[in-house]
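Novice: Spelled out from the first residue to the last, the chains are:
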Amino acid sequence: GAGVSQSPRYKVAKRGQDVALRCDPISGHVSLFWYQQALGQGPEFLTYFQNEAQLDKSGLPSDRFFAERPEGSVSTLKIQRTQQEDSAVYLCASSLLEPQETQYFGPGTRLLVL
Amino acid sequence: AQSVTQLDSHVSVSEGTPVLLRCNYSSSYSPSLFWYVQHPNKGLQLLLKYTSAATLVKGINGFEAEFKKSETSFHLTKPSAHMSDAAEYFCVVSDFRGFKTIFGAGTRLFVKA
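First to last, the protein sequences are chains A and B.
Those letters in the first sequence? Residues 1 to 114, by the numbering used here.
Those letters in the second sequence? Residues 1 to 113, by the numbering used here.
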């Protein structure tokens, strides 16, 4: 399977805990995106990487959210001191080169903060 | 700034009848426009995309969309609905100036037997 994979698929956290969500993009894909999808809504852009460079982080809701892609492949989205409003599905997508190209989405990580 | 508006949150059709899902966009530059579908408990899948070539774009599963610059619209159509088309559909816009991709709020399509 050469698709985008994400882990864990489900995560339950107590309020105040830190979580780390992993994304494995399609091999060789330059562009990588993170989105947050609240229940009943469309995905909202969080951040964009071109290889290891984070070129846009304008969608990150607060400084508790941090993303990295140190070697230009696997990416991690970290949320510190989780709050109930962080409960959502976090989607990762990758595209071959340019950000305007077709994005291939992973299955998402469903985060529930209690 | 870019934006996208899906005009209907829910659409219900009978099997075998036409489907129309409406989308209007706003972009200062020539946009790239997409329709994605999300089936329950499945990942987002590309249906079709417009990138300034032909204004009528054909996608998978018999769907097509027409880019109308004068109306800033990119409506999704299908001549005959199938039960398997029941899903959430998202209209998406991006442009070459930046990296942000904007999703509409989604339209849930119901197909009645």
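Rather than coming from a laboratory, the hints here were simulated on the basis of the structure.
This structure is a prediction, so every number in the text was calculated from the model and none was measured.
Where a beta carbon is used, it is the ideal one built from N, C-alpha and C, also for glycine.
Be a bit skeptical, because a hint or two may be false.
[What the hints assert, rightly or not] Derived contacts from chain B toward chain A, CB cut-off under 8 Å, selection only:
#	residue
1	His39
2	Gly43
3	Leu46
4	Lys69
5	Phe90
6	Ser94
7	Gly98
8	Thr101
9	Ala105
10	Gly106
11	Val111
Novice: Each of the hints needs a verdict: does it hold here or not?
Specialist: The hints, checked one at a time:
no.: 1; hint: His39; result: 12 Å, violated
no.: 2; hint: Gly43; result: 5 Å, holds
no.: 3; hint: Leu46; result: 5 Å, holds
no.: 4; hint: Lys69; result: 17 Å, violated
no.: 5; hint: Phe90; result: 5 Å, holds
no.: 6; hint: Ser94; result: 5 Å, holds
no.: 7; hint: Gly98; result: 7 Å, holds
no.: 8; hint: Thr101; result: 6 Å, holds
no.: 9; hint: Ala105; result: 5 Å, holds
no.: 10; hint: Gly106; result: 5 Å, holds
no.: 11; hint: Val111; result: 20 Å, violated
Going down the numbered hints, you'll see the structure goes against 1, 4, 11, while the others check out.
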